[in-house]
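S.K.: In case you want the letters, here they are:
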Amino acid sequence: MSDILRNIGLFIGLLLLQVMILNKINFLGYANPMLYMLFILVFPLKKERGLFLVLSFILGLFVDFFLDSGGINASASLLIAYIRLPVLKGLLNKTDVDFAVFKITKLPFLKLLSFIAIMVFVHHLAIFSLEYFSFKAILTILSRTILTSFFTIILIIFSLLLMTNQK
Amino acid sequence: MQRIIGFFLKYKYFLFFIFLQIIAFSLTIKSHSFHRSKFVNSANAISGSIYMKVNAIEEYFYLKTYNEQLLNENVRLKNQLALRLKDSTIWLQDSTKYKRQFSYTAGKIIHNQFRGKFNYLTLNKGKNDGVEPDQAVINSLGIIGITNTVNEKYATVLSILNGNAKINVKLKKSAHFGTMAWDGIDYNTVQIIDLPIQANIQVGDSIITGGKSTIFPDGIPVGIIKDFQKENNEYTSINVKLHNDMSAIGPVFIIKNADKDKILEIEQTIH
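So the protein sequences, as listed, match chains A and B. In case it helps, my numbering puts the first sequence at residues 23 to 189. In case it helps, my numbering puts the second sequence at residues 360 to 630.
Hints were generated in silico from the structure; no laboratory data involved. Misleading hints may appear alongside valid ones.
Stated by the list, open to error - Derived DSS-like pairs: lysine-lysine, alpha-carbon spacing no greater than 30 angstroms straight-line:
1. A:LYS69 <-> B:LYS371
2. B:LYS423 <-> B:LYS571
3. B:LYS619 <-> B:LYS531
4. A:LYS111 <-> B:LYS369
5. B:LYS412 <-> B:LYS486
6. B:LYS389 <-> A:LYS158
7. A:LYS46 <-> B:LYS423
Just so it is clear, the structure is predicted and the values come from calculations on it, not from any experiment.
Generate the whole structure from the sequences, applying the supplied hints.
M.R.: And the structure:
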């Protein structure tokens with residue numbers, strides 16, 4: 023029960039943090055960290071996968087509502103929600119992990135970092151590609167993806183540290 | 360039959376994923392190709408009220424800037440008034456005979472966006488205040504955008520920094536018309552396309568709105584020419600530096616064109 027409440031709180035908290043503060047940072051003129059995707063990273067693996075996909079989609083769609091951006095964030099969030107399990111399996115070199123008790127914060131730091139980096143990069147690349155939607159803008163897309171990814175990765179690591187220290 | 364059901368069961372998550380992805384894509388394409396995204400927009404009660412709360416705090420950081428803007432505008436208007444009083448002996452018009460074409464409403468931008476390629480702003484006025492789609496939004500420094508989706512209390516504004524925004528502009532000195540667009544790179548610089556080569560432009564020339572559309576009145580400031588390139592007897596690129604700092608926008612005016620319906624009506628008889 024407390025697990026469900028915690029996830030609801032995380033969902034709403036991250037959404038509000040994203041639209042009220044993080045979307046207004048504009049670091050170096052452009053980079054806004056997208057911390058809301060932390061929800062997709064830490065959502066329990068043992069939960070129903072269909073529910074997870076729906077929640078990720080809705081979270082992204084809510085962000086889209088605030089940014090007038092159509093379905094960009096919804097699409098990117100759904101994508102990383104879908105590839106989360108394959109990426110984890112690939113990183114751990116195992117076909118079957120004991121996912122019932124698995125937590126990504128228990129991963130060794132390097133694996134955790136590469137997991138976060140892959141997810142953030144895919145998410146941001148999807149967002150900027152959909153936003154610019156042309157091959158001519160490929161340099162803009164890549165530079166913005168890389169710059170924003172760095173920012174998001176750093177914030178996600180700090181947030182994970184905070185979340186684990188509390189317990 | 361069992362095979363088909365088996366197939367669906369085996370790939371149910373993948374199919375579900377594809378289904379949701381199709382929804383997201385259609386929403387995205389709708390918002391890109393046609394600038395009025397009907398369903399997903401920030402002019403709704405939830406995001407509107409949240410942006411109002413954030414803005415209530417945020418505007419304190421810009422009080423000084425807004426005050427200076429207001430002061431400058433007052434000085435300009437007072438000077439115009441002084442000139443007018445000196446020039447004409449009879450300047451009071453009979454208000455029953457005089458019909459104004461444009462009326463102004465004050466509003467406030469409660470959410471500003473300038474980072475992406477398709478930028479929208481959120482305005483704290485809606486249908487209840489007489490705001491309708493396709494009205495001009497300006498401030499004392501120049502143009503800002505066009506109202507887009509409108510609900511009872513809030514409206515979204517298609518920023519001039521939006522890949523879909525095409526606005527008719529002209530050179531102040533020679534009245535040659537062109538179209539303003541944005542390439543999505545620098546939020547203080549916009550581009551002018553299809554300006555005829557006969558227009559002899561120089562760096563520093565003023566650009567104003569053309570008044571050919573039913574949205575913007577004639578002569579609202581836009582910016583000054585920053586640099587341009589000429590090739591094969593045509594302008595290949597003209598960059599215009601905006602008067603407005605698009606990253607800090609607060610109080611605005613919404614302009615209503617009372618003759619809009621009549622202009623559209625007469626234009627329709629031609630086609």
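S.K.: For every hint, state whether the structure bears it out.
M.R.: Taking the hints in turn, this is what the structure says about them:
no.: 1; hint: A:LYS69 <-> B:LYS371; result: 16 angstroms, holds
no.: 2; hint: B:LYS423 <-> B:LYS571; result: 35 angstroms, violated
no.: 3; hint: B:LYS619 <-> B:LYS531; result: 24 angstroms, holds
no.: 4; hint: A:LYS111 <-> B:LYS369; result: 19 angstroms, holds
no.: 5; hint: B:LYS412 <-> B:LYS486; result: 20 angstroms, holds
no.: 6; hint: B:LYS389 <-> A:LYS158; result: 21 angstroms, holds
no.: 7; hint: A:LYS46 <-> B:LYS423; result: 19 angstroms, holds
Violated hint for the displayed structure: number 2, the only one.
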